[in-house]
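Residue 130 in my numbering is what sits at position 107 of the sequence shown, and the numbering runs on without skipping anything.
Errors might be hidden in some of the hints.
Said to hold, decoys possible - In silico DMTMM-like pairs for lysine to aspartate or glutamate, Cα to Cα no more than 25 angstroms straight-line:
1) 191 x 254
2) 132 x 176
3) 132 x 95
4) 191 x 136
5) 191 x 224
Said to hold, decoys possible - Label-pair ranges, simulated between beta-carbon atoms:
6) 212 x 298: 30 to 38 angstroms
7) 29 x 230: 18 to 26 angstroms
8) 37 x 133: 54 to 62 angstroms
Because the hints were derived from the structure by calculation, they are not lab data.
Built from N, CA and C at the ideal position, the CB exists for glycine as well.
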Amino acid sequence: MAADPVRIDDPGDPRIAGFVSIRERDLTGRDGLFIAEGTVVLRMLGEAGALGNGFAAEAILLLENRLAGVADVLASFPQTVPVYVASQAVFNAVAGFDMHRGVLALGRKPAAEIGATLLGRLPETSLVLAGCGLSNHDNVGSIFRNAAAFGADAVFLDETSCDPLYRKAVRVSVGSVLTVPFSRGLSAVVMLQGLAEAGFEIWGLSPRGDVPVASIPAARRIALVLGTEGEGLPEVILSSFRTARIPQRPGLDSLNVATASGIALYQIALAMERVG
24 MAADPVRIDD
34 PGDPRIAGFV
44 SIRERDLTGR
54 DGLFIAEGTV
64 VLRMLGEAGA
74 LGNGFAAEAI
84 LLLENRLAGV
94 ADVLASFPQT
104 VPVYVASQAV
114 FNAVAGFDMH
124 RGVLALGRKP
134 AAEIGATLLG
144 RLPETSLVLA
154 GCGLSNHDNV
164 GSIFRNAAAF
174 GADAVFLDET
184 SCDPLYRKAV
194 RVSVGSVLTV
204 PFSRGLSAVV
214 MLQGLAEAGF
224 EIWGLSPRGD
234 VPVASIPAAR
244 RIALVLGTEG
254 EGLPEVILSS
264 FRTARIPQRP
274 GLDSLNVATA
284 SGIALYQIAL
294 AMERVG
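Can you make the complete structure from the sequences, with help from the hints?
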């Protein structure tokens, strides 16, 4: 169980420096650390640490009236993890805003995986998502949540996509970014070439796709490729791989990318007999 709680009365206490101004510091990086927010995400962080997947908690900061409600969650953390509690006023001063859940953890990221490292760990039968230019943190968080719900084995993000360990992405994913393996950092073309060379059938999702997603045949390995909001996938990708669309009523340009990922994943998971 995590260490006994220590009360913090000064927002400037150096022991909680990692939690200060969490919204602004998300934009500049945290030197290998990230913020986990909310009870469910805290629980997922504790479980991820127990699984030995590289994630670990550095410290936990709680609003004083939330302590009793998360006692069972704290039991999943080792005693080396300090737990701090603070009043509403102190907590707000530390966080930098008052619209929070009163439950924060400072987590350490695992070593980054780029392309081939993660590919080598995937099972022979795999379903993955590949994101190109996904810059909206809410969408990325939702995509990871969908990936977890429909049994995707991994998410690959190109170098222009946002960090899925940004605080808001972690929160929206309900902690799924801590359990779904991911890779980030290659160019979109190199990333997809690597997937193709590893035996993945590549399908780009686009409103102009050649076939409905329900017509994508089951295969040993499938990668669904998602593009950014508005622009979608670049032409070089659409012309290099097979494409699929989600049929919808006319009059709307396209679905939100996170919504599209959920629909497409459901269809492919059915075809691959991953859900039922």
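To see whether the hints hold, each was checked on the structure:
| no. | hint | in the structure |
| --- | --- | --- |
| 1 | 191 x 254 | 23 angstroms, holds |
| 2 | 132 x 176 | 19 angstroms, holds |
| 3 | 132 x 95 | 24 angstroms, holds |
| 4 | 191 x 136 | 21 angstroms, holds |
| 5 | 191 x 224 | 31 angstroms, violated |
| 6 | 212 x 298: 30 to 38 angstroms | 31 angstroms, holds |
| 7 | 29 x 230: 18 to 26 angstroms | 54 angstroms, violated |
| 8 | 37 x 133: 54 to 62 angstroms | 26 angstroms, violated |
Hint check: violations occur at hints 5, 7 and 8; the rest are consistent with the structure.
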